[in-house]
Amino acid sequence: MNPHARRWLHHATQPQWLFPALLLLVLGALWGVVFHLLDVERATEERAAAVLTGELVETYEAQVVRAFREIDQTLKFVQFTHASMRQPKDLLRTMNERGILPPEILFAVSITDPSGKVVESNKADVPPNLAVQDYFIVHRERPDDNLFIGQPLKGLTGDALLHFTRPLRAPDGSFAGVVLISVSADYLVSGYEVDKLGRQGMLGVVGLDGFYRVSRIGNLVLSGQKVDYSSLVGKTDPDKADSVRMDIGLDGIRRYTSARELFDFPVAVVVGVSEDEQLTLFDQHRRSYLLRTSLASLALAIVFAILGRMTWQLARARERETLATVEHAQRVEYLAFHDGLTGLPNRSLFSKLLVQGIHQSHRYNRQLAVLFLDLDRFKAINDTLGHDAGDELLREVALRLKGCLRESDTVARLGGDEFVVLLSELSEDKYAANVAQKILVATAKPFVLLGNEFTVTASVGIATYPQDGTDEQTLTKNADIAMYHAKEQGKNNYQFFSTSLGSDVFSRMALEGSLRHALARNEFELHYQPKRNFQDGRISGVEALLRWNHPDLGLVEPLQFISIAEETGLIVPIGKWVLKEACRQSVAWQALGLPPVPISVNLTPRQFFDTPLLAELKSILASTGMAPQLLELEITEGLLLHDVEKSKRVLVELRRLGVRIAVDDFGVGYSSLATLQRFPIDTVKIDRSFIRDAAEKSGNETLTAAIIAMGRSLSLNIVAQGVETKAQADYLRDRACDEMQGFYFDTPAPGDRLASLLKDQAGDPSPVPPSDGLLEE
Amino acid sequence: MKLTGKFLSLALVFGLGTHTGTADAAVVAVVSAKSGISTLSENELTDIFLGRLNRLAGGELVSPVDQPEDAAVREEFYLKFGGKSQAQLKAHWSKVIFTGRGKPPKRVANSAEVKKHVNDNPNAIGYIDSADVDSSVKVLQIGK
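Going down the list, the protein sequences come from chains F and R.
Residue numbers for the first sequence follow numbering that gives the first Met the number 0, beginning at 0 and rising by one.
Residue numbers for the second sequence follow numbering that gives the first Met the number 0, beginning at 0 and rising by one.
Just chain R, same shape as in the assembly (with noise of 0.2 Å):
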């Protein structure tokens, strides 16, 4: 599916103005400070947003928290972690959901949100913007 018009222009914003702190901002994956997960494959990573993995080798359940569709942050993470657009994320979930072979992951509102989240679910995994890392949470490595 194709852009919304609204995060068109918040694209355009984006790409026209100033880029702040989060213009290339770096998008991080989080987890609970307290959780015992600290580093993941990229593969991982992937696999587990996309509903493929829901237990790491270790045997430690984890469960993805999404923010907004409209959400710059979101895109930002599919594109850098797996190289999916939200057209081929929303055809992914499409088609899981149609087959019935799987959830999409529980959205929450924004960064403070996932941050909360997180804390409240120490199987989380989120991501949030670089800038809003704070030391409720811990940013995860993700390694190739």
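Okay, chain F solo, but in the shape it has when bound (with noise of 0.2 Å):
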């Protein structure tokens, strides 16, 4: 079936034009076929009518033609018996005594004498003579002996009566006068039959003359009227038995009519039935069947119109039954595919477009980009304000990444604070770049959450297809790789892939993962690197400084895991097992006898401003028995300046516990002596990009010297960091420099190998000339 049709057909089936169109077959059919049954009940009842006026017609005929005999037998007999009789006399009389004359009560029976003189007669009201009588003038006249059956006439009373009457003749032959019977005309239709022929039909007996001897219709008796034989009768074919035709009578009425001549007699019977009456019935019953038909029709329709109305309704329900199920498929789908928080493609969905997009290049020749990206403050918004937050500033992010693509490019949420996207139909190298940077502004653009500003950044890594990959995997490895390596590289910035980054990313991946266990893996280690005093070189103190046993890598040093650590949080229970094992260090150290040296642990800013911060304090204190005075905290000077007023708040919790504290990395966070004077800290700690310049006579020498000043204005210890050479320790004497530590006295060693310098130190008092020899431990 082609469409066209099939679509038609679909169309033509829905229930608001099926049922009706059923309806309407079925309703034409049901009045299809009761006019059918009307029609055919009509002509059987024509039929009927019919056959009933011919079986009336038929009847009437042999009582009308029995009646004639029975008088014509009597008239006959007075004929005969007359006519052998020489003096004919009380003829009658001996007749009635025998019972031969016909009932008194309806027939007058009378005999007359040539003259019309009446000689005898049953009745006594017979008019005495009838020689003015058409029957007697009949007989005389005429030679023969027939039956001669007169016009009614009217009688006495005033009804019609009919006569009948032969002549009598005398022995020789000649008008002996003649003999008559009369009788009243209704006789002839007092047979009529109100159950057979109606209220309206007919019934009579017409002369072949054309006047009606009597007729009747209903309960009126006529005589007299005329009419034209030969149309009503007609041809008369005695084998025919059924010659009915419809007549319009004189009174108007339709009726089924039959006529028969009389074989014997110059009359022919009539018969009519009334086509009104004889199809009463069928009117009767063919408005039952109309009313039925009707009541039925109507039952039908209200059948069909719920019927049709349920099934609409049925389809309705079904179809958005349908809609729901499709919909809701098409939810689970979009889910499955699209992260909920933001609307973006998730992985999976993201993992099918790049496989696209890589099938799409191949085949067009063209270069695509993989960008991963990750927000890199993401998880101390995320933990400082709560999720909600941090929820919000992903879909922020998710819209603004949104607006620095074009149509054809793609970007997906992977998880996390970690977006990827996916340039396709790359024109240019530097597209991806241009895209990159404009992420980068993007997200630098501050953002709004719970009524404050925040900034976060991020980190991008770049991979194109095909020369940094030609499948699905080696792509987003090196897009992750060239992302890690942003973020090395300082973060806010992007970086493409190239081959040289490999290793270092992925050991740096592989040492976030051994380092969320390294501390529970015991692999951490303290190694310790004296501060000297500038006078008389003896080491007045200790930096505390974190080493990591990695299984594989060996020792690693804090550069390259700090940032790991203090990204992931780690530094937390890192910083406070390193806080624990300086003051336990530092309290065996004392256990032996040696003198007390201050001990330095470094803190970052996340455990700077971990809330915990003093409370753990506090108990590593007295859990360990240190004294909190030998225990300096050193913070850099960028991270004091970062919050000022929550850094003095948790510096002057700090000193009220009564440790010291020292700031790292002086000089180059450009803090005046205004805010510095604000701040409660005991040491200065200058940058060694400074001690760097100190020996130079550069320009930079002049500023080293404002800040020593600047530190010894404050009243504060000042330590020189990173001293390496004669000349810069020579300087820094000379500027009057408290403390010095570096690599030029030492290197950090681990805590027993501490424990013997300092054990040296006490039993030697002479001041310690530098040494080179350290160096080479």
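Everything labelled a hint here was simulated from the structure, so no lab data went into it.
A hint or two may mislead.
Under 7 Å between C-beta atoms, here's a sample of chain F residues computed to sit facing chain R [stated by the list, open to error]:
id	residue
1	Ala-66
2	Pro-102
3	Leu-105
4	Gly-190
5	Val-193
Just so it is clear, CB atoms sit at the ideal spot from N, CA and C, and this is done for glycine as well.
Taking the hints as your guide, dock the two standalone chains into a single complex.
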């Protein structure tokens, strides 16, 4: 079936068309049948009426013939007897006694003489002379002895009378009078039965002369009407039983009419039944049928309407259901491929799109780029402000990212704060860089979260097809590596993949993994770098430095893992461990009888701003038995300046504990004297960049001097970091630096090594010269 | 059929003139004194005289006998039993005779003839003035 036909068929069977159509069909069939039945019934009734008429006329004919014959028999008897009697006398009386006369109640029998005088009669009220009557004249004139049926005449009582006469002959054959039988005309129609003929049926006897001798319609009896005999009776064929015609009677009523001429007598009998009456039954039937059919039609219509409506509703419900199911399925599919929070494609969808993109690029010889990015300070915000703020941030980031892209590009969220961008149809290399730049700009714009402004930055790694990989896994891996490189490069930048990056980032990713377990596996160790007094060169304190004994990589420097620790938050438990260990170590040294030296521990920003810090410190001091004033916490100048108010509060609290505060990497933060004064600090450690410049006799040297002077003016203990040359050492000594720290003097060493150093020092009061030997160790 | 002029005058006479013993004379149905029939219901009597019934429930044959058409007693009889006028009677016999379904009762000239007839014919039933009842006839009890 061709699609047009199929579609038409589908349309046509919709409930709103189907049911009315079916209804019409059924009704059409029903009414068709009913009308047919009515037609058939009408025809049957008509036929029945015709048949009835035929039967009635036959019966009537027989009755009239019998009546006539009986009358005529009597007349013939009288005629015969009279002819055989020479002096006929009391003929009728004799006949009466013998019971040969017709019933007196109906029939008057009379005999006349040739002059018309009534000689004998069975009735008393017969006129005395009948000479003037038509029948008398006829018989007197005519030579035959035949029966004559005259016109109906009004009798004495006013009713029409029929006269049947025969002539009487004398023995010599001469006219001797007439014998007459008269009967009321209505005798001939007294057999009218309403049951058969109805109230408008017709019985009649019409003479060959066209005059009705008598006719009866219902109860109305008439005589003498004139009709056209030949048209009424027509050619009678005795064999033709049913010559029934529709005739409009003299009263205007249509009747099934049948007329038959009698064989022996000069009349025809006529029977008619009214069409209306005969078909009354049919009419009633018709009305009843029509009524019932109408009711049935109505019922059908209602039923169809209900059914149709139900079907329609069912169809609609099913449609709705289907739609809902489809929608649901679509929704499920959407969710399967889209991130719920941001609405961006998720990892699975992105994977698909990337594979597709690779195929397309391969086919059309184009480039594409994959950009991995994550948000640099997302975790901080998420932890500090709560997940709702974090979610909001992610949503906003998603929007901004989308705004950086074309229609053909895709951005997806891989999870957490990681996003990936697919740039398909790369027309030129620069485009990827442009997009990366746009992303950085977009993400660097402040976000408003919980009513406050926050900034995050992004690190973006870029891998391009086909240079950086030809399949999904390679491209994504390399983009990821490039991103990590961007992070290592200080974040808030983008980096293209290059093959040299591979191992570095692998190690970085591996590091993070192992770092998580490092603490539990006791892979950490503290090394201590001595700080020496400029005056006598003796060890005046140590700085605790974290070392990591990686099972595979060996000893790992903080530079390599501290940033990971900071970002992942692992710094907090690690830092806690460092503090504890440092305190323990210090107490252990003192237990050995060694003179107490202050021990410095670095605090990272995360540690510093970590709320439980004070409580932790307190408990560590208590549990280790460490004297607070022997513990110095080092924080960078940059950290202090990041949030001045908060930093001050924390420092105040720390001071209250009794621990000492040192500002590390001093000088690079551009803090003023005034700011510094606000902080409760004890020590200032000059950033190594100044120390490096110190002996150079360059412009920076003045800067260094100024910084030292500043520290002096604040009455702070001044430590020079990173002293590596004698020249530097001399310079600083001249400037009245208090302490120094650096490779020139010592390398960081484990606790027991320090212990022996301190022990030696304790036993030897002389100043310690700068020793190159130490360097060798 | 309408009443004959003669009867009309007779009726007038009866109506206007003094009512003799026969004025609202009770017409009675009679049978032979020797007849075994003594009671009939009105319906039975009517049916017999209308030619519808010629045998009683007990199996006895019955045949009616009429008086002449102009007899007052006749008119009374048919009015009293069955409520038929002479015109109605005539119409009845017209139909019956025409359709060949019966014949009218034998007719005799007067009450005396009726009595004579019933005596000669034990099956016969006739009607006479109650004044004319004698021992030769038995009056039938006509129930409703």
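Any hints this thing doesn't respect? Which numbers, in order? 5
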